[in-house]
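Protein chains: 2
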Amino acid sequence: MLLIVAITGMPGAGKSTAAKALVNLGWTRVVMGDVIRAETMRRGLEPDAKNTGEVMKLLRKEKGDSAVADLCLETIGKTKAERVVVDGIRSMTEVETFRKKAVVLLVAVDASPERRFELLRERGRKDDPLSYEMFVERDRRELGVGIGRAIALANETVSNQHATPDKLAAEIAEVVGRWEKNVST
Amino acid sequence: MLLIVAITGMPGAGKSTAAKALVNLGWTRVVMGDVIRAETMRRGLEPDAKNTGEVMKLLRKEKGDSAVADLCLETIGKTKAERVVVDGIRSMTEVETFRKKAVVLLVAVDASPERRFELLRERGRKDDPLSYEMFVERDRRELGVGIGRAIALANETVSNQHATPDKLAAEIAEVVGRWEKNVST
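Heads up: the protein sequence lines correspond to chains A and B, in order.
Numbering-wise, my numbering puts 122 at position 122 of the first sequence, and it's gapless, one number per residue.
Numbering-wise, my numbering puts 156 at position 156 of the second sequence, and it's gapless, one number per residue.
Hints listed in this document are in silico derivations from the structure and should not be mistaken for laboratory results.
Take these hints with a grain of salt, some might be off.
Same chains, same label: a pair holds when it works inside one copy or across any pair of copies.
[Said to hold, decoys possible] Derived pair list, reagent style SDA-like, types lysine to any residue, alpha-carbon separation capped at 20 Å:
1. Lys-100 / Ser-16
2. Lys-78 / Leu-45
3. Lys-181 / Glu-114
4. Lys-181 / His-162
5. Lys-167 / Arg-43
6. Lys-167 / Arg-178
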């Protein structure tokens with residue numbers, strides 16, 4: 001039985017911190033953004049925020065809204081892992097795609113726009129927004145794909161508004177541990 | 001200075017439990033659903049889920065997306081209260097309408113669809129869904145108004161997934177207390 005912890009949340013909310021906490025507990029992490037970044041580079045483009053956003057849109061146009069989830073499922077199949085954390089869910093269509101192949105816990109990691117902007121600036125990754133305008137535009141793009149619905153319909157919500165990385169890690173471990181126990185009994 | 005704690009969340013998540021906890025701390029509660037229910041009755045209709053949903057849509061069509069928020073602001077003006085908790089935010093347009101007149105903390109109360117369905121059935125209020133199909137339809141209608149965006153862009157998120165009413169009350173009191181202290185300094 002394949003177990004998937006599907007992690008959603010707005011840019012900068014702390015999805016990767018949460019996902020990495022599960023890696024420490026033996027889960028295999030698959031990053032949806034990596035699939036898109038790889039595809040962006042495969043198309044000869046710099047994997048910056050603008051290009052990855054456009055390739056994501058193109059992929060969905062060409063192969064449907066489940067395109068990125070389908071690519072992830074291929075990757076998961078190759079790893080042969082049975083406990084997988086998928087980092088970066090953007091829509092309920094993706095969740096439903098995973099639910100056809102696995103038992104899925106959808107977890108939303110939440111933080112306010114102000115805190116996310118701060119966390120993104122601290123992080124300074126290549127495809128992170130540099131200005132507040134770019135940040136707002138990126139939020140708008142994610143919401144346009146339907147991430148708000150995925151957050152609203154999550155099975156569990158973890159707040160990263162006041163948490164340290166360690167506290168966030170402990171909370172996700174608790175939530176997932178409880179679920180795993182229920183699923184396996 | 002008018003302070004508004006604006007509470008959003010999917011049907012059954014526990015918005016009213018959270019809002020009522022603030023009433024115990026001296027906040028004045030204004031329920032957006034009451035405004036819509038009053039308007040529904042004023043139009044000679046039973047205030048059930050279907051009719052209130054339709055009147056909400058009509059109000060927005062007639063007076064714009066901020067229609068219900070504008071009516072709430074009228075009510076708030078009459079109460080002369082300076083610390084108001086608004087129960088039942090459905091869109092960012094409503095939040096922005098309040099932000100023109102007040103300092104606003106947007107709080108999302110979250111719970112999984114399964115738990116919300118259970119909580120709604122326990123509650124059994126007149127406009128609550130009776131079947132799972134009606135529950136899903138109501139979720140769909142709320143998401144159509146843009147509640148997912150409001151949840152995704154909240155300043156604070158409180159999970160009611162595993163909380164007792166007392167624990168939820170304590171958590172919202174903590175979140176609002178911390179904010180109020182920051183705002184007033």
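A quick look at each hint next to the structure:
Proximity of Lys-100 to Ser-16 under the C-alpha cut-off of 20 Å is found in neither arrangement, the shortest distances being 24 Å within a copy and 35 Å between copies. For the homomeric pair Lys-78 and Leu-45, neither the shortest alpha-carbon distance inside one copy (26 Å) nor that between copies (58 Å) is at most 20 Å. When the C-alpha separation of Lys-181 and Glu-114 is checked against a cutoff of 20 Å, the pair qualifies only between copies, where the shortest distance is 18 Å, while the shortest distance within a copy is 36 Å. Taking identical chains as interchangeable, the C-alpha atoms of Lys-181 and His-162 lie at most 20 Å apart only when they sit on different chains, with a minimum of 15 Å there against 28 Å within one chain.
With identical chains, the CA atoms of Lys-167 and Arg-43 are never at most 20 Å apart, being 39 Å at best within one copy and 51 Å at best between copies. Proximity of Lys-167 to Arg-178 under the C-alpha cut-off of 20 Å is found in both arrangements, the shortest distances being 17 Å within a copy and 19 Å between copies.
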